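**Q** Read off the chains here:
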Amino acid sequence: MKRIIYTEWLKVKNYRVFWVILVIAAIMIPAGSYVPAEIYTRQLKDAAKMLGQAPFSFPVVWQTVANISSYVTTLFGLLMVILVTNEYTFRTNRQNIIDGWDRKEFVYAKLFWVVALSLMAFLLSALTACTYGFVYGDKPFSTENFIYLIYYWLQVVLTLCIALLLSVWVKRAGFAIVLFLGYTMMLEQTLVFMLKRSVGRIGGLLPLQTADELLPFPVVGKMISSADRYDDSIYLFGLLLYIAVVIYLVFRKILRSDL
Amino acid sequence: MPVLSLQNVSKRYGALQALSGVTFDVPRGAIFGVLGPNGSGKTTLLGIVTDVLKADSGTYTLFDRTATAAERRQIGTLLETPNFYHYLSGYKNLRISAAVKQRSEADIARVLEICGLTARQHSAFKTYSLGMKQRLALAAVLLGDPEVLILDEPTNGLDPAGIAEVRDLIRRLADTGKTIILASHLLDEVEKVCTHVAILKTGQLLLSGAVNEVISRNDYLELSAADNGALKAAMLQYPGCTSAEINGATVIAIFSATPDAAAVNAYLAEKGIWLQQLLLRKKSLEKTFLEITNVL
Numbered sequence: 025m026k027r028i029i030y031t032e033w034l035k036v037k038n039y040r041v042f043w044v045i046l047v048i049a050a051i052m053i054p055a056g057s058y059v060p061a062e063i064y065t066r067q068l069k070d071a072a073k074m075l076g077q078a079p080f081s082f083p084v085v086w087q088t089v090a091n092i093s094s095y096v097t098t099l100f101g102l103l104m105v106i107l108v109t110n111e112y113t114f115r116t117n118r119q120n121i122i123d124g125w126d127r128k129e130f131v132y133a134k135l136f137w138v139v140a141l142s143l144m145a146f147l148l149s150a151l152t153a154c155t156y157g158f159v160y161g162d163k164p165f166s167t168e169n170f171i172y173l174i175y176y177w178l179q180v181v182l183t184l185c186i187a188l189l190l191s192v193w194v195k196r197a198g199f200a201i202v203l204f205l206g207y208t209m210m211l212e213q214t215l216v217f218m219l220k221r222s223v224g225r226i227g228g229l230l231p232l233q234t235a236d237e238l239l240p241f242p243v244v245g246k247m248i249s250s251a252d253r254y255d256d257s258i259y260l261f262g263l264l265l266y267i268a269v270v271i272y273l274v275f276r277k278i279l280r281s282d283l
Numbered sequence: 004m005p006v007l008s009l010q011n012v013s014k015r016y017g018a019l020q021a022l023s024g025v026t027f028d029v030p031r032g033a034i035f036g037v038l039g040p041n042g043s044g045k046t047t048l049l050g051i052v053t054d055v056l057k058a059d060s061g062t063y064t065l066f067d068r069t070a071t072a073a074e075r076r077q078i079g080t081l082l083e084t085p086n087f088y089h090y091l092s093g094y095k096n097l098r099i100s101a102a103v104k105q106r107s108e109a110d111i112a113r114v115l116e117i118c119g120l121t122a123r124q125h126s127a128f129k130t131y132s133l134g135m136k137q138r139l140a141l142a143a144v145l146l147g148d149p150e151v152l153i154l155d156e157p158t159n160g161l162d163p164a165g166i167a168e169v170r171d172l173i174r175r176l177a178d179t180g181k182t183i184i185l186a187s188h189l190l191d192e193v194e195k196v197c198t199h200v201a202i203l204k205t206g207q208l209l210l211s212g213a214v215n216e217v218i219s220r221n222d223y224l225e226l227s228a229a230d231n232g233a234l235k236a237a238m239l240q241y242p243g244c245t246s247a248e249i250n251g252a253t254v255i256a257i258f259s260a261t262p263d264a265a266a267v268n269a270y271l272a273e274k275g276i277w278l279q280q281l282l283l284r285k286k287s288l289e290k291t292f293l294e295i296t297n298v299l
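Chains as they are written, first to last, in my numbering: chain A, 25 to 283; chain B, 4 to 299.
Just to be clear, a hint being listed does not mean it is correct.
Computed Cβ-Cβ distance ranges for the label pairs, DEER-style [what the hints assert, rightly or not]: (1) Thr179/B to Met144/A: 47 to 53 Å; (2) Arg31/B to Trp33/A: 34 to 40 Å; (3) Asp282/A to Asp178/B: 43 to 49 Å; (4) Tyr30/A to Ala167/B: 45 to 51 Å; (5) Ala55/A to Thr62/B: 55 to 61 Å; (6) Val47/A to Ser126/B: 45 to 51 Å; (7) Val41/A to Gln207/B: 45 to 51 Å; (8) Thr179/B to Trp33/A: 32 to 38 Å; (9) Ser107/B to Gln213/A: 33 to 39 Å; (10) Trp33/A to Pro40/B: 42 to 48 Å; (11) Leu143/A to Pro40/B: 51 to 57 Å.
FYI, nobody ran anything at the bench for these hints, they're computed from the structure. Computed from a predicted model, the values in this text were never measured in an experiment. Idealized CB from N, CA, C, for every residue including glycine.
I would like the entire structure built from these sequences, with the hints used as guidance.
**A** And the structure:
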């Protein structure tokens with residue numbers, strides 16, 4: 025695995041597009057929570073108190089930052105699409121196999137990026153939540169609610185896996201980006217809305233929605249009736265199942281088809 | 004022990020049967036030409052051997068073992084086009100090749116020198132000419148000095164000087180005892196270097212084996228005299244002459260075995276036919292190939 029990671033490092037080390045998108049995505053995590061933190065802490069302080077929620081105080085800050093960061097995940101997904109479809113554009117996916125990688129190793133190489141990018145997003149969010157909790161909060165440090173950051177990490181993992189699957193299926197960068205953005209930003213939300221309206225809470229079990237259900241914004245989450253949703257464990261199970269199925273489909277595609 | 008052994012390998016793309024039950028062995032140390040017109044299945048065959056394509060049926064072994072990534076790492080392969088990361092330099096691309104092949108990066112300078120790319124090694128791949136890209140692909144093939152090379156149309160995109168260089172390189176590599184599998188539709192290229200051949204046509208293996216055993220390329224004589232009609236009639240009576248045809252100002256006489264030009268000259272002189280021209284020629288592989296692929 026060390027050799028695979030080293031090879032992937034050589035591929036991106038001098039790839040400017042990769043670093044630019046990565047830096048933007050990384051900045052977006054603390055930046056995304058900055059404005060809400062300022063508004064809630066300075067302008068809506070009384071309103072937040074009335075609702076019994078101070079979103080940027082411990083322990084709620086973990087959930088708040090996890091929720092806001094989840095909107096930036098698409099950028100990491102785009103990075104994933106670019107990394108994978110580049111291999112098809114340059115036909116280096118074939119060359120890696122010809123030169124002596126097992127097909128499985130090609131999948132491991134791309135799963136390495138799923139792990140690396142998701143851990144980076146997770147750590148940055150954890151750091152952001154911790155910092156904002158001290159700067160904008162008025163309660164002592166607490167790790168209660170830290171589970172929301174774990175949910176966020178799983179949301180990033182699933183999003184990156186979906187980006188990987190779309191990329192190995194459609195192979196072409198432009199098409200894969202359009203499909204990925206279309207699905208994550210609009211299509212699934214529309215399906216969730218339609219399903220929830222027609223058949224009820226089962227609409228919350230679509231892939232990315234399982235993570236969204238686990239990551240409500242603190243104040244809003246309190247307002248949702250428990251009758252409208254399943255227990256968190258159901259969504260968590262669904263989320264883990266989707267990750268496993270998507271990874272299985274990626275292996276199946278790469279191991280069985282012509283490259 | 005064969006370096007590569009194929010048993011009944013078949014592959015279909017939709018309605019197109021790209022390969023039909025192909026079976027042959029590539030012996031160690033051979034320069035093995037895989038010949039065939041465009042679309043005959045050469046690249047499909049090599050794609051299967053290098054695991055970028057999946058055979059529908061049949062099996063193959065590398066170094067007498069079930070082919071895995073470890074076996075492929077012992078082979079330097081150039082399949083179709085040079086595939087590199089466009090945004091990286093030639094040198095950095097070779098670092099990736101070395102990492103995948105598990106070869107030392109210390110060998111990069113040597114292969115760049117052999118392929119004449121030392122001066123441009125730090126330029127981005129996307130700035131290379133077609134010939135330079137092809138030479139970088141050859142440099143990647145040579146990384147780690149593998150014992151077996153698979154070269155699919157290695158002179159693609161090269162100018163005449165580049166073609167001559169690659170041909171010379173292949174000969175030099177062959178002299179060191181390496182096994183080279185060379186797919187090409189340029190028969191002139193193959194004729195000059197190959198010891199063994201496999202000929203494919205529309206996915207079918209027409210024949211395979213040592214060049215001299217499987218391809219009958221009998222020598223022939225090109226003659227002319229004052230009366231070519233009499234010359235033709237006399238040659239048809241000569242023992243071992245299977246045909247004699249007037250072709251423009253000359254008579255082409257074909258034999259069942261290599262003819263003795265001096266004996267033919269003496270024979271014709273006895274018959275009072277004085278030659279103005281007598282040339283011993285070898286049938287080109289191209290002519291033989293066309294005969295085989297048209298007849299079989």
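**Q** Hint by hint, note whether the structure agrees.
**A** To see whether the hints hold, each was checked on the structure:
1. In this structure the hint that threonine 179/B and methionine 144/A lie 47 to 53 Å apart at CB holds, the actual value being about 48 Å.
2. Range check, arginine 31/B to tryptophan 33/A: about 37 Å between beta-carbon atoms, so the 34 to 40 Å window is met.
3. Distance hint check: the CB atoms of aspartate 282/A and aspartate 178/B are about 36 Å apart, inconsistent with the given range 43 to 49 Å.
4. With their beta carbons about 38 Å apart, tyrosine 30/A and alanine 167/B fall outside the hinted range of 45 to 51 Å.
5. For the hinted restraint 55 to 61 Å between alanine 55/A and threonine 62/B, the CB-CB distance of approximately 57 Å keeps it satisfied.
6. A hinted range of 45 to 51 Å for the beta carbons of valine 47/A and serine 126/B is inconsistent with their spacing of about 27 Å.
7. The hint said 45 to 51 Å for the Cβ distance between valine 41/A and glutamine 207/B, and at roughly 46 Å that hint holds.
8. Distance hint for threonine 179/B and tryptophan 33/A: a CB-CB separation of about 34 Å, consistent with the stated range 32 to 38 Å.
9. The hint said 33 to 39 Å for the Cβ distance between serine 107/B and glutamine 213/A, and at roughly 52 Å that hint is violated.
10. Range check, tryptophan 33/A to proline 40/B: Cβ separation about 44 Å, and the 42 to 48 Å hint holds.
11. At roughly 53 Å, the beta carbons of leucine 143/A and proline 40/B sit within the given window of 51 to 57 Å.
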